[in-house]
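Asks: Spelled out, the chains give:
2 protein chains.
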Amino acid sequence: MNTMAQPEMSAATPEPLAHGAAGARIATRLREAILAGEYAPGARIRQEDLADRHGASRLPVREALRMLEAEGLVTLVANTGAWVARLSHAECDEMYQIRERIEPLLLRYNIPLLSPADVDELDRLAGAMERSADVEEFLALDREFHLSCYAKAETTVLRDTVLRLWNSTQHYRRAFTRVFRSEGDLSVHHEHHLLVSAIRRDDLDEAERVLAGHIRRTRLELARHPDVFE
Amino acid sequence: MNTMAQPEMSAATPEPLAHGAAGARIATRLREAILAGEYAPGARIRQEDLADRHGASRLPVREALRMLEAEGLVTLVANTGAWVARLSHAECDEMYQIRERIEPLLLRYNIPLLSPADVDELDRLAGAMERSADVEEFLALDREFHLSCYAKAETTVLRDTVLRLWNSTQHYRRAFTRVFRSEGDLSVHHEHHLLVSAIRRDDLDEAERVLAGHIRRTRLELARHPDVFE
DNA sequence: CTCCGCAATGATGTATCCAATCGACCATCG
DNA sequence: CGATGGTCGATTGGATACATCATTGCGGAG
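Protein sequence lines correspond, in order, to chains A and B. Counting from 167, one number per residue, gives the positions in the first sequence under the working numbering. Counting from 167, one number per residue, gives the positions in the second sequence under the working numbering.
Since the hints were derived computationally from the structure, they do not count as laboratory data. Errors might be hidden in some of the hints.
Unchecked claim - With the Cβ distance kept under 8 Å, some of the chain B side facing chain A (calculated, not the full set): (1) 261; (2) 271; (3) 276; (4) 280; (5) 317.
What the hints assert, rightly or not - Beta-carbon label-pair distances, calculated as ranges: (6) A:378 - B:279: 21 to 29 Å; (7) B:392 - A:387: 42 to 50 Å; (8) A:208 - B:244: 26 to 34 Å; (9) B:387 - A:206: 42 to 50 Å.
As the list claims (entries may be wrong) - Computed footprint of chain A on chain B; a stretch qualifies when at least three of its residues, placed anywhere within it, have a C-beta under 8 Å from a C-beta of chain A: (10) 226 to 233; (11) 322 to 335; (12) 383 to 389.
Cβ coordinates follow ideal geometry from the N, Cα and C atoms, glycine included.
Kindly generate the complete structure, drawing on both the sequences and the hints.
Replies: Printed below as a string of structure tokens:
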């Protein structure tokens, strides 16, 4: 586990260019490409393409695909091929409900470990988001904001689970962000500041409530935009 | 995903003896062996052993190990080997805290779909557990009881996540069960009957509370027996 | 006697090759 | 003209062979 390339949260993955890490290296790069939106959900992934592109044989590619399949980023069908995972509205809704329940828990683990300087940084990120120019910048800041809230505690399963959920829903979060911006919805920023405030006061229960509400509100917005899932 | 062999919950995996499923077949059998306790946590797993035992080459074995690693049942170290995953007390505690938050959610999804006959079956299982003779029988009944509570709703991520957590903690649940029985602790059965009762009344909130308390109580017992983790 | 270093051994990681399977196109029949 | 069957191409799955790395045991130096 913990093979996810998350510079913000995992200090591991120092130099994966040694022997015995070709699969992991390919997985890392493919994961980044998918999260960056270079591959759309449903896009076909050909083993030989990846192999050529990374100067490796198809074997490590297959391992990489297995890893990403386990993370929910890729869908594998035997004897047929691999596609970038695509979510139904029901599945995405499920993921948000899970997040709504466990991210507050992860936050609770972390708040006592966040220094005043850490909280200042969170505040800065929240402000930068309000002034963010385009969708990609907002997405990156939003991800950094939330994952920074979770970076201090040395949890394993909980953090990995949350990361997997974030990664799996990344593409759809991109789509929602576009909608929110076009509708001029500013609640997101309000909630971020409420969250920072609760964290600063070490108010665990209130921080949990705000975060759960933050996620729930986004989930309820999903139902209003089923077109995102085709 | 959904490659876990769970006869109670997944009706899939019809005949995986075709081409393109060797890895999945090996993973299924190895998973069952680990869950049955045939491999202890920390036990070394040699690729060639498995290959010979299943009449396959090492390649599908590696795929199987990757799958089980993703499920948290196996720990892989590059250029070194594979071991049956072992949990620290902190990790196990984390898993129980996650279960405490999301299993009630999964239960909530299911209760409206459980027929009176289903509830009767749950009641029967709870009774059988009280009269169970040995640890293995109790473990099997307990697993069937809880997973039956979750079998009806067509959730994907949520059910898979819960299953993964159950599988990862299986070995330690076996150890706790031994402790509970030696101490004559009967609270488990009381809680099971309370849960059945709440389900029968379609009382979602009460069922959630009972289930969360059930899991929480077990988690708090963990702290009293750190010796299980060596 | 203990500790460090080296070499042999065993296991894992990777590349190449061959077989099995799936999808698409085309021909044929109803 | 539409549907069904077969064949061909492309792609994936698996086995064998070789390169690489980690570990273990032995030997020598301190």
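Asks: All hints, please: hold or fail.
Replies: Each hint, compared with the structure:
1. 261: 6 Å, holds
2. 271: 6 Å, holds
3. 276: 13 Å, violated
4. 280: 19 Å, violated
5. 317: 16 Å, violated
6. A:378 - B:279: 21 to 29 Å: About 25 Å separates the Cβ atoms of residue 378 of chain A and residue 279 of chain B, which means 21 to 29 Å holds.
7. B:392 - A:387: 42 to 50 Å: Between residue 392 of chain B and residue 387 of chain A, where Cβ atoms are some 45 Å apart, the hint holds.
8. A:208 - B:244: 26 to 34 Å: With Cβ atoms ~32 Å apart, the hint holds.
9. B:387 - A:206: 42 to 50 Å: Roughly 48 Å apart at Cβ, these two residues keep to the hinted range, so it holds.
10. 226 to 233: Per the Cβ count (4), the hint holds.
11. 322 to 335: Per the Cβ count (6), the hint holds.
12. 383 to 389: With 0 residues closer than 8 Å to chain A, the region 383 to 389 of chain B misses the three-residue bar; violated.
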